[in-house]
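J.: Listed below, chain by chain, are the residues.
Protein chains: 2
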Amino acid sequence: MKVLVLGGDGFCGWPCAVNLADQGHDVLIVDNLSRRKIDIDLEVESLTPITNIKTRLQAWEEIGGNPMQFEHIDIAREYDRLVALLQKEKPNAVIHFAEQRAAPYSMKTSATKRYTVDNNVNGTHNLLAAIVESGLDIHVVHLGTMGVYGYGSHRGATIPEGYLKVEVPQPDGSRFKEEILHPANPGSVYHMTKTLDQLLFLYYNKNDQIRITDLHQGIVWGTNTNATNRDLRLTNRFDYDGDYGTVLNRFLMQAAIGYPLSVHGTGGQTRAFIHIQDSVRCVQLALENPPKQGERVKIFNQMTESHQIGELAKKIAGLTGAKLNYLPNPRNEAIENDLIVDNRCFIELGLKPTTLDDGLLTEVVEVARRWADRCDQSRIPCMSAWTSTQAQAIKQNP
Amino acid sequence: MKVLVLGGDGFCGWPCAVNLADQGHDVLIVDNLSRRKIDIDLEVESLTPITNIKTRLQAWEEIGGNPMQFEHIDIAREYDRLVALLQKEKPNAVIHFAEQRAAPYSMKTSATKRYTVDNNVNGTHNLLAAIVESGLDIHVVHLGTMGVYGYGSHRGATIPEGYLKVEVPQPDGSRFKEEILHPANPGSVYHMTKTLDQLLFLYYNKNDQIRITDLHQGIVWGTNTNATNRDLRLTNRFDYDGDYGTVLNRFLMQAAIGYPLSVHGTGGQTRAFIHIQDSVRCVQLALENPPKQGERVKIFNQMTESHQIGELAKKIAGLTGAKLNYLPNPRNEAIENDLIVDNRCFIELGLKPTTLDDGLLTEVVEVARRWADRCDQSRIPCMSAWTSTQAQAIKQNP
Chain V
4 MKVLVLGGDG FCGWPCAVNL ADQGHDVLIV DNLSRRKIDI DLEVESLTPI TNIKTRLQAW
64 EEIGGNPMQF EHIDIAREYD RLVALLQKEK PNAVIHFAEQ RAAPYSMKTS ATKRYTVDNN
124 VNGTHNLLAA IVESGLDIHV VHLGTMGVYG YGSHRGATIP EGYLKVEVPQ PDGSRFKEEI
184 LHPANPGSVY HMTKTLDQLL FLYYNKNDQI RITDLHQGIV WGTNTNATNR DLRLTNRFDY
244 DGDYGTVLNR FLMQAAIGYP LSVHGTGGQT RAFIHIQDSV RCVQLALENP PKQGERVKIF
304 NQMTESHQIG ELAKKIAGLT GAKLNYLPNP RNEAIENDLI VDNRCFIELG LKPTTLDDGL
364 LTEVVEVARR WADRCDQSRI PCMSAWTSTQ AQAIKQNP
Chain L
4 MKVLVLGGDG FCGWPCAVNL ADQGHDVLIV DNLSRRKIDI DLEVESLTPI TNIKTRLQAW
64 EEIGGNPMQF EHIDIAREYD RLVALLQKEK PNAVIHFAEQ RAAPYSMKTS ATKRYTVDNN
124 VNGTHNLLAA IVESGLDIHV VHLGTMGVYG YGSHRGATIP EGYLKVEVPQ PDGSRFKEEI
184 LHPANPGSVY HMTKTLDQLL FLYYNKNDQI RITDLHQGIV WGTNTNATNR DLRLTNRFDY
244 DGDYGTVLNR FLMQAAIGYP LSVHGTGGQT RAFIHIQDSV RCVQLALENP PKQGERVKIF
304 NQMTESHQIG ELAKKIAGLT GAKLNYLPNP RNEAIENDLI VDNRCFIELG LKPTTLDDGL
364 LTEVVEVARR WADRCDQSRI PCMSAWTSTQ AQAIKQNP
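Protein sequences appear in the order of chains V and L. All the letters of the first sequence, read from the start, carry residue numbers 4 to 401 under our numbering. All the letters of the second sequence, read from the start, carry residue numbers 4 to 401 under our numbering.
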């Protein structure tokens with residue numbers, strides 16, 4: 004298939020693009036390289052050294068990969084170029100990773116809140132409007148987040164894949180049954196933008212019959228996939244800083260360099276996880292199993308297991324001898340929550356989950372150790388806070 | 004109270020600002036005058052001649068009104084000026100009308116879809132981020148729309164005020180009861196932006212305890228209020244064109260000039276209505292009855308009666324002798340729907356609904372007749388279409 008990968012230079016986008024090319028798809032990456040530029044502003048770098056996009060694509064071709072193209076377009080700002088690209092390339096599908104994806108970054112300042120909303124909403128809406136304008140039948144595969152459901156209000160119930168069956172009591176005592184988009188309960192401005200995306204999809208699917216698959220992804224861990232492991236120049240980014248580092252990768256990197264594992268709050272927060280290798284496989288499965296014409300938005304929970312953050316830290320401490328460091332929680336969230344998630348859609352499509360086994364954890368620790376001298380330890384603490392009260396607490400105990 | 008009225012130069016915003024000043028509040032209007040500029044682009048004008056904002060404010064003072072101020076700020080673009088204004092004025096409340104508010108305009112072209120999303124989402128989000136940044140406790144009163152609930156999927160059930168009580172069946176046969184934000188089912192890009200606003204409010208109320216009242220307003224009819232009737236220079240705008248004219252006002256204007264009433268589709272669509280006098284009264288009631296600190300977003304249905312569009316046309320035809328003209332429907336909507344709406348919140352606060360009586364209808368016809376020579380009949384047909392198929396149908400039978 005001809006596939007555009009928007010945001011194909013990022014942490015999930017790059018290994019996804021490489022995997023799709025490896026599986027024989029005709030891939031064109033669209034990116035404005037914003038993730039690299041945010042690193043410049045934050046004065047931090049990927050723990051793993053990453054080559055520029057041109058070198059990445061050349062390396063991929065040199066080792067015999069199915070060639071990929073690249074277009075530098077800001078989809079939130081350069082609408083006309085996006086429309087022209089769709090009209091020229093006539094892709095079968097667009098994979099949409101092109102959003103600011105860090106919750107702490109989205110809560111950092113008014114400017115980063117506003118950038119996150121502006122970039123994510125306009126980017127997604129531009130894509131949908133451009134598809135309508137092109138008149139083409141293009142399947143959109145979007146990277147959403149498990150965070151749209153929220154944490155802490157499910158009281159033991161299983162989170163369904165996007166839609167919730169409810170009964171509405173009527174005055175005559177009967178119950179009206181319907182299936183609704185699962186109520187949104189975002190935990191940050193970033194997560195909120197993904198709940199806004201859901202309504203954009205709901206509308207454009209209803210009005211214009213755009214075929215859409217929305218992937219509610221858990222927290223991604225790991226760095227490389229089988230395909231990006233083939234050449235050092237293909238190496239994926241590894242974020243360890245307080246804004247962009249994801250919790251499990253941060254723990255593993257901290258363990259690698261002998262830094263106490265940062266547990267924010269009690270550690271009772273439960274989150275969903277997925278290894279990067281499974282993430283790229285899921286996107287491929289979603290791409291190859293599109294919704295039918297006229298079908299409602301397909302929603303998959305893209306995660307393989309749930310863990311309490313504190314338990315995860317203890318597991319890694321046990322494996323590596325690292326110490327735990329309990330810190331004030333910068334997030335405005337439930338102290339503790341359960342999280343039971345239905346992920347049957349991907350299992351039924353053939354996903355074989357990569358579980359959190361010791362071998363894979365050790366592999367990430369090894370990657371982190373290899374590049375340990377690139378780590379700026381001053382960038383490890385989370386300095387973004389959800390409210391001014393929490394910002395105060397962090398300042399006193401970073 | 005010290006009140007900022009964002010969008011206070013528009014069709015609802017202006018009479019609202021005048022009413023609040025008349026009721027003794029200290030009003031500062033913030034507007035970027037975009038509504039007047041869109042008229043320039045569309046090459047159409049309010050049927051009633053309206054004076055510029057400076058003249059409006061001078062006239063109001065000259066007839067003894069409580070003086071109002073004006074600031075020309077684009078809240079979606081000039082964030083820093085908005086923050087500075089909040090910090091300087093320290094308002095008790097902000098009434099937020101500052102959004103592109105016409106469904107047909109929002110569906111006109113890719114550019115108007117994109118403008119509507121960009122302007123409305125960034126405007127609302129900037130306001131919320133600015134309030135957080137200011138550190139002030141400011142009550143936000145927002146003009147939403149009945150259209151967030153959608154039309155045609157309620158099967159005889161009453162639409163509650165914003166929140167829906169549902170029961171979620173559990174695997175053990177029990178039912179988990181919860182009250183959720185009413186599922187969104189917007190009928191245009193414009194309506195969609197108001198469903199996005201709801202999620203912005205949900206989040207900022209949860210994370211930052213901003214006190215918010217969201218008014219889901221029906222279709223406004225009428226032109227002037229008791230206060231704007233006091234001087235010709237205070238006259239409110241009267242939109243009759245296919246993009247900005249609201250259905251009942253369009254019928255009344257068409258009757259006034261002997262133009263057949265444009266009924267789109269079967270006329271079986273039911274909508275909620277409210278007279279402009281009641282609209283300004285409701286905003287005042289919402290302002291004077293804010294949610295408590297820590298209370299969830301207050302949602303009121305701001306409407307007084309529901310009518311089928313076709314029946315309304317027949318009523319006006321009976322009153323004035325006008326003919327009906329059934330036209331293709333440019334909207335992608337149910338052919339027919341019922342609409343039963345709970346509006347007890349405002350009734351309990353003391354609203355005495357202005358019903359759709361013949362006297363008031365005749366008053367609007369008289370306003371329209373007075374300015375009939377200002378009407379450009381070529382601008383009466385609706386030319387915006389929801390899909391390309393509908394655009395074709397309209398071209399063949401405008």
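Since the hints were made in silico from the structure, they are not lab data. Worth double-checking, as some hints may not be accurate.
What the hints assert, rightly or not - Only some residues are given here: those of chain V computed to face chain L with a beta carbon under 7 Å: (1) Ser113; (2) Ala132; (3) Tyr329.
The C-beta atom is built at its ideal place from N, Cα and C for all residues, glycine as well.
J.: Does Ala132 (chain V) pass the interface check with chain L, least Cβ-Cβ distance below 7 Å?
T.: 5 Å, holds
J.: Under 7 Å, Cβ to Cβ, is where Tyr329 (chain V) needs to be relative to chain L, so tell me if that hint holds or is violated.
T.: 23 Å, violated
J.: Holds or violated: the hint that Ser113 (chain V) contacts chain L, with Cβ atoms closer than 7 Å.
T.: 5 Å, holds
In summary, the structure is inconsistent with hint 3 from the numbered list given earlier, while agreeing with all the others.
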